[in-house]
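One letter stands for each residue in the lines below.
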Amino acid sequence: MDEILRIEHLVKTFGTNEVLRDIDFSVSKGDVISIIGASGSGKSTLLRCINMLEESTGGRILYHGRNILAGELDEDQYRTKVGMVFQSFNLFNNYTVLENCIIGQTHVLKRSRDAARDKALEYLSKVGMELYINAKPRQLSGGQKQRVAIARALAMDPEVLLFDEPTSALDPEMVGEVLDVMKDLAKSGMTMLVVTHEMAFARDVSTRVIYMAEGRIEEEGSPKELFNSPKSPRTKEFLSRFMQA
Amino acid sequence: MTIAEMNFFQRMLYILERYGGSLAKGAATTMAIAIICTLLGCVIGFAVGLVQTTEPHKKDDIVKRGVLKVVKVILTAYVEIFRGTPMMLQAAFIYYGMSQLFGINLGMWSAAIIIVSVNTGAYMAETVRGGILSVDPGQSEGARAIGMSHFQTMLLVILPQALRNIMPQIGNNLIINIKDTCVLSIIGTVELFFTFRSISGALYTYFEAATVTMIIYFVLTFACSRILRYAESRMDGPSNFDLATTDTLAFTSGLTRYDEKKGGTH
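First to last, the sequence lines map onto chains A and B.
Number 229 in the numbering used here belongs to position 229 of the first sequence; there are no gaps in the numbering.
Going from the second sequence to the numbering used here is simple: count from 1 and add 245.
Calculated from the structure, these hints are not laboratory results.
We treat Cβ as the ideally placed atom computed from N, Cα and C, and that holds for glycine.
Hints are supplied without guarantee of correctness; some may be wrong.
[As the list claims (entries may be wrong)] Example chain B residues on the side facing chain A (calculated, C-beta under 10 angstroms, incomplete):
1) S385
2) R389
3) G392
4) S394
5) H395
6) Q406
7) G482
8) S484
9) N485
10) F486
11) D487
12) L488
[Unchecked claim] Which stretches of chain A does chain B cover? Using the computed rule of at least three CB atoms under 8 angstroms from a CB of chain B, they are:
13) 84-92
14) 103-109
15) 122-134
16) 147-160
Go ahead and model the full structure; you've got the sequences and the hints to work with.
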């Protein structure tokens, strides 16, 4: 399979606090990987390190064989290929929905305004937000904002999309609309790396699940393996606690 | 009828009749200096504020870091000195210092504009710094995540929001400048306060001249504060938006409007 990202011995420390310890895994084209684990296990930090929003302390992140941590690829150029959807949406408050989805295309990818507009409209209708192109972020609900944020990321034509707990800041009734969009994306063959607390999504949609504990990958496998017959006792305990709740 | 025989209102009318032209000229000078200097001060403030909120990149070499550090120290000194001394003394210091030390005779206008804008810039630098820091860090992460450079992030996302946040403070500065240009009378700038002093000196009608001049100052500042309020609401855009319907026939039945005050559709 076509390997896009390979993470090797990734380490991240905040002061003396080791948040990520020796993380190893790879992402291939078409993978939908869910990263689960308790709060504070380093899931979000891992995603932020992959997107270089946090500076990794050690290890390598290879994008098509090039180590981005060693500057073998321009940081900004790399980021256009690895999109990110945040827990807090981070839509640009000073632009309309449409402008949010256009501005990166015209300024970073240097697309013409017309081409950018067409692409933005295409993805906005994909996430069901085409009616709201004139709205400002403050006029939208959380679920709507997150769907726009997904469209904004998609409009850059990334190879991989990183989702950092995309439904954790949403009211329960809005979680579904965002998960539906993500399911459709997964079905369409988008490569995704999803940090999530939605166990149903991890079990039913992803091709692979990674369970993290204390900054380490405790267990990795297909959803079936991990949910039905977890090898590590820690995974077992975590899952049983989650399934109860 | 001589001035001594007039009552309060007659004296004010007399001042307006006789010195209306000078007062208008003084007010125009005051406004011109205040507006130009507030704009220039904003430019200085944004430049200084931007540098002061720039964090060195971890990969930058020692020279780059050193230069940034030195520039920051100089800018901090500028801000502290100009905020920490009276503008009236700064005016005297710069105006007379330039001619005594360097033999440069600044004209009335250039001296006035330099002093007030440099002073405004010092205040605006801190305001801009606050404005930039007040923008949610998520905004910059969102921009970086789609591949924007630091410069693009600042220009397209952070500064427009910072500018909106500090609009009330810019208005404050404009109003302060309208009033504080009066200290320029020390270097002979013929603005509104200078005109007041000339009139009261010529007629010995301090109370009436002060009343007339105060009214003019108030009209100027009040008008400016209203205009800026309007500019702020324009920057915010309309509170509701039109749903975009692709079916052209749908427009015949009118557009659905979303009213922010009534809450969302969800």
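Do the hints match the structure? See the list:
Against a cut-off of 10 angstroms between C-beta atoms, the interface hint on S385 of chain B holds, since the closest Cβ of chain A lies about 9 angstroms away. Because the smallest distance between the Cβ of R389 of chain B and any Cβ of chain A comes to about 7 angstroms, under 10 angstroms, the interface hint for this residue holds. Below 10 angstroms, beta-carbon pairs count as interface contacts, and G392 of chain B has one with chain A at about 4 angstroms; its hint therefore holds. This hint holds: S394 of chain B has a C-beta 5 angstroms from the nearest C-beta of chain A, less than the 10 angstroms allowed.
Hint status for H395 of chain B relative to chain A: holds, with the closest Cβ pair at about 9 angstroms, below 10 angstroms. Nearest Cβ of chain A to the Cβ of Q406 of chain B: about 5 angstroms, under the 10 angstroms cut. The hint holds. Interface restraint check: G482 of chain B against chain A, minimum CB-CB distance 6 angstroms, threshold 10 angstroms, status holds. For S484 of chain B, the shortest C-beta to C-beta distance to chain A is roughly 8 angstroms, which falls under 10 angstroms, so the interface hint holds.
Interface restraint check: N485 of chain B against chain A, minimum CB-CB distance 8 angstroms, threshold 10 angstroms, status holds. At about 4 angstroms, the closest approach between the beta carbon of F486 of chain B and any beta carbon in chain A falls short of 10 angstroms, and the interface hint on this residue holds. With its C-beta approaching chain A no nearer than about 6 angstroms, D487 of chain B sits inside the 10 angstroms limit, and its interface hint holds. A hinted interface residue such as L488 of chain B counts as satisfied when its beta carbon comes closer than 10 angstroms to some beta carbon of chain A; here the least separation is about 5 angstroms, so the hint holds.
Coverage of the segment 84-92 of chain A by chain B holds in this model, with 7 residues showing a Cβ closer than 8 angstroms to a Cβ of that chain against a need of three. Taking a C-beta to C-beta cut-off of 8 angstroms, the segment 103-109 of chain A contributes 5 residues in contact with chain B, enough for the three needed, and the coverage statement holds. Here the segment 122-134 of chain A counts 5 residues with a CB under 8 angstroms from a CB of chain B, which clears the bar of 3, and the coverage holds. Here the segment 147-160 of chain A counts 4 residues with a CB under 8 angstroms from a CB of chain B, which clears the bar of 3, and the coverage holds.
When each numbered hint is compared with the structure, no violation occurs for any of them.
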